[in-house]
Amino acid sequence: MVNPIRIETPLDEETIIKLKIGDKVLLNGIVYTGRDQAHKRIVDELEKAARENHKPKLPFVLEGQVIYYAGPAPCRPGMVIGPAGPTTSGRMDPYTPILLKRGLKGTIGKGRRSKDTIEAMRKYKAVYFVAVGGAAVLISKRIKRVETVAYEDLGPEAIYRLQVEDFPLIVANDVYGNDLFDEGIKKYRKVTQQGE
Amino acid sequence: MKEITSQDVTQAVETLCISSNCTLSEDAWEAIKEMLKDEESPTGKEVLEQILENDRLAKEEKLPMCQDTGFTTIFVEMGQEVGVNGGDFYEAINQGVRNGYKKGYLRKSVVKDPLRRKNTGDNTPPWVHIDIIPGDRLKISVMPKGAGSENMSTIKMLTPAEGVQGVKRFVLDWVRERGANACPPLVVGVGIGGTFEGVAKLAKKALLRPIGSKNPEPFYAEIEEDFLKEINNLGLGPQGLGGSTTALAVHIEPYPCHIASLPLAINLQCHAVRHATIVL
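If you're matching them up, the sequences are chains X and G in order.
Just so you know, the first sequence maps onto residues 1 to 196 in our numbering.
Just so you know, the second sequence maps onto residues 1001 to 1280 in our numbering.
Read the hints as simulated data drawn from the structure, not as lab findings.
These numbers come from a predicted model, not from an experiment.
Hints may be right or wrong, so weigh each one.
[As the list claims (entries may be wrong)] The calculated DSS-like cross-link candidates involving lysine-lysine, where the alpha carbons are at most 27 Å apart (straight line), are: (1) 24/X / 1045/G; (2) 1112/G / 40/X; (3) 57/X / 1118/G; (4) 1062/G / 1033/G; (5) 1205/G / 1156/G.
Using the sequences provided together with the hints, build the complete structure.
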């Protein structure tokens, strides 16, 4: 495997357009956690603000940022954070295009994205990174600082601001509409007597 | 009559909740290491290496290998000559889960109501299956299972005419479509036969079988081998990013069924194969 590409958040367009599916990336800087309930609350607020014609009150500025789909395990005394691997990204697909339209530049999770999300990444120039599902302890060692930002009542589903160092990721969807999941199967599938 | 106290049950469940979450079973460990040797994709190799490194760290530091420490399924085999004294049996199990998830710093991932979704705060209740068996032993197996793989599971009522080819087609199609989200390399638990509710339990119970063990029935052992080969030919690979390691094993659990039925259930297990057993 080729050497990893080291990148920093917030992500700018110049960095993003260079990333291609299959690239190994080490991410540095700030990422925000967010999963099902947090996404629902953000999108509800955006819709409410649009209806009532005021500026939405968001837990963080979306432009250039990266959301990590994760709900960490409890933190043992003396540790920075508990084990914190990625959760299944597909559950966030109904919300993701709305956030990408507002400037979110990257998402991190595990598993496939929907056609709509992949199209939105192409349109608004954003990328989807895969972290290894189940590698929760290994990933937690790359998290150096944790702050609760919003929705503390949601427990593991709250939004945390994480400072990460060399967070190991793989680019699964790039700004060109490519999908590593599809390409991977094409490359490694062996046709047998079963065929399709 | 052998007497066991409810405190013993609580203690056993507590211990099992922690050990199953923090220590990858030896058979899974060996299977992943073996697959790493043959994995064709460089990305796939990288993923398998991260998994092994993660699971080594988890064991060493007594941390849960995955943050999703699951909904807790508990299989109990209760000898008919065993009496449990000192309190409600189910409550003894609940208390074991409560203690284990608290002391082990395991994530509490259970909501009290499926639609109103408020966290119970202690990972209770578990789902408990009890089978009465001859003898005076009480065997408790704890299987915490994350939602990532559990959500990618299914039941299908096939017709008898579809036979083994129908089962194979459905299993392969299912793994091709849903496998990537279930954190491969997978263990594919397949229940065949029984009833609508029974077949799901068969599929889950199939996951308790050690990886690398052969089905005791040669007929099914052959089918398992064939399914495993075909699943690995799909090309999903580790985490679904492409490669030759999609499944570590296929385990089939058959049961008699109605003349007009062919129930089929698939319960996918992620690479974090977590289950542990104590016999009291």
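Report the numbers of all earlier hints that the structure fails to satisfy, in ascending order. none
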